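A.B. asks: If you read the protein sequences in the order shown, they are chains L and S. Just so it is clear: in the first sequence, position 47 is 47 by my numbering, and no numbers are missing. Just so it is clear: in the second sequence, position 330 is 330 by my numbering, and no numbers are missing.
In case anyone wonders, no lab produced these hints; they're calculated from the structure. Don't take every hint at face value.
Said to hold, decoys possible - Some chain L residues flagged as far from chain S (calculated, every beta-carbon gap over 12 Å): (1) Leu25; (2) Arg63; (3) Asp65.
Said to hold, decoys possible - Once the Cα atoms are required to be at most 20 Å apart in a straight line, the calculated SDA-like pairs of lysine to any residue come out as: (4) S:Lys385 to L:Asp57; (5) S:Lys385 to L:His54; (6) L:Lys82 to S:Tyr326.
Source: prediction; values computed, not measured. Ideal Cβ positions, reconstructed from N, Cα and C, are used throughout, including at glycine.
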Amino acid sequence: MSLEKKQVKEIAQLARLNISDSEALQTTTELNNILNLMAELSEIDTEDVEPMAHPLDMSQRLRDDVVSETDLSDDFQAIAPKTGKQHFLVPTVIE
Amino acid sequence: MHKFSVSELSKGLKNRDFSSVELTQHYLNRIDHSDLNAFITVTEDLALSQAREADTMLAKGKANNLTGIPYAHKDIFCTKGIKTSAGSKILDSFISPYDATLSYKLNMEGMVMLGKTNMDEFAMGSSNENSYYGPVKNPWDKKRVPGGSSGGSAAAVSARLSAFATGTDTGGSIRQPASLCGITGIKPTYGRISRYGMIAYASSLDQAGPITQSAEDAALVLNTMAGFDDKDSTSVNRDVPDYTENLNNSIKGLRIGIPKEYFSEGLDDDIAKVILQSIKEFESMGAIVKEVSLPNSAYAVPTYYIVAPCECSSNLSRLDGVRYGYRCDDPKDLNDMYLRSRSEGFGEEVKRRIMIGTYALSAGYYDAYYLKAQKVRHLISEDFKKAFQKVDVIMGPVSPTTAFEIGAIKDSVSMYLADIYTLSVNLAGLPAISIPAGFSNNLPVGLQMIGNYWSEEVLLNTAHLFQTQTDWHVRLPENT
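Please build the complete structure, drawing on both the sequences and the hints.
C.D. replies: Have a look at this one:
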């Protein structure tokens, strides 16, 4: 499997990253080198192997559904790029 | 004063040989005169006020073991009211509104934070060259890298700009810089130290740990760092032993496994010699050496470089210019804001990993990459399980080479391949320690010891005994 420049630009868009035409060529080469390295895994037979998502044999710990956090909204608003009253401002989405 | 270990400093503070303010000022002066670029932020005023508080506690006899000890905190841990950048432009303006659990715990112990250390952006790198704030220099040779991603922390401890430092290890980011800088670093079992407030790179692999001058210091600091945290859903509720208690136990009869795959081609001859020589040291202390096999070792690199980018592409999607961090100027619409904020805010390697992860997780490719990698991850973990039926500790190199020159490795695949000996430990979730074991061309070489789950005590005990018989860990870079 080898990526084309066009695919790389699509992946960048999916990841919300801009790459210019000139960058795309180099990025395509780099990503293909990395994917070649990953292709080594196809040598291994994993037919009956369970996927391992977590390093320890444990299940997700659940907690009671009660409020445990204090209200920090002012602190969080203070570090945002742009805020209104109790909300974050972004460019207009709907006219 | 800076040549004292944490345990010696602790005694000195308790005996009132010197005050925490004197000690802190001494380290601040050293940082001020250093050209290693080890720190992103130096928190001088905070450090001195924490030191004054520590001195009050010490005077009242209310001090803990680590009260008044100055440390350097990797800039990946959130610190309330203090810039927390993760080495990235996108978080250059981020003042954390809360403390990571680890920051909170160190504060509660009465410790003194000297500053936040430089690192590869979002912990993605093995050389500290991927930092927005520039590369860190290795104190043993300033033309060379300190390793990464905890490069600033490792350089700071190696040059004794701090008594110890915190680090994080996703694929070797504590052990490899510790090895390249000639100091001690332990990555504990996954779940041992809280990840709350530690900026996530790959959540199923990330684990914090101490970077110190010795195993004894690591034990002392780990006592404070380890423990269950309700705020981290992957934190494990398990008693924390006193890691200093069994440091001097005999290792007579300890079974050491040498994986033959760790000594194959690619390993520098000098490093192989240093490692084999240090294993003889353990034999002379009564340990039994056996060969073991970790047949899937070579697949750790492709497996890791699928799993980690997949997790990072998901984790880093939150950096979108909306709620915190960098936002581009004059976005013309929402999508433009996402695209430009992220493109201008992230560095090259981070973008590469996000794109690899995005691709590997996308429809049609998920089975071929992510699922496949998770299956191989299982095989890698099984290799260790089998080996640990025969031995107690596995030993080998940390890195195939000593510290390389800044700018020497240009392509990402070569850089990834250098992580060969450290990655599988994270994939399996095991604890491992790197300790100084010798030199090659005046550059430090680290020995890696891998233990079974929750066997940090065994690792620290074994490492400490080695350090009572050798002096590699007390050797210092010139002019330190």
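A.B. asks: The structure should be examined with respect to each hint, and the outcome stated for every one.
C.D. replies: Going down the list of hints, with the structure as the test:
1. No Cβ of chain S approaches the Cβ of Leu25 of chain L within 12 Å, the least distance being about 14 Å, so the stated non-interface status holds.
2. Distance check for Arg63 of chain L against chain S: the nearest CB is about 7 Å away, which does not clear 12 Å, and the non-interface claim fails.
3. In this structure Asp65 of chain L is separated from chain S by more than 12 Å, as the shortest Cβ-Cβ distance comes to about 14 Å.
4. Between the alpha carbons of Lys385 of chain S and Asp57 of chain L the distance comes to roughly 13 Å, so the proposed pair stays at or under 20 Å and holds.
5. Taking the CA atoms of Lys385 of chain S and His54 of chain L, the gap is about 15 Å. The hint holds against a cut of 20 Å.
6. With a CA separation close to 11 Å, the supplied pair Lys82 of chain L and Tyr326 of chain S stays within the 20 Å bound.
Going through the hint list in order, the structure does not satisfy hint 2, though it satisfies all others.
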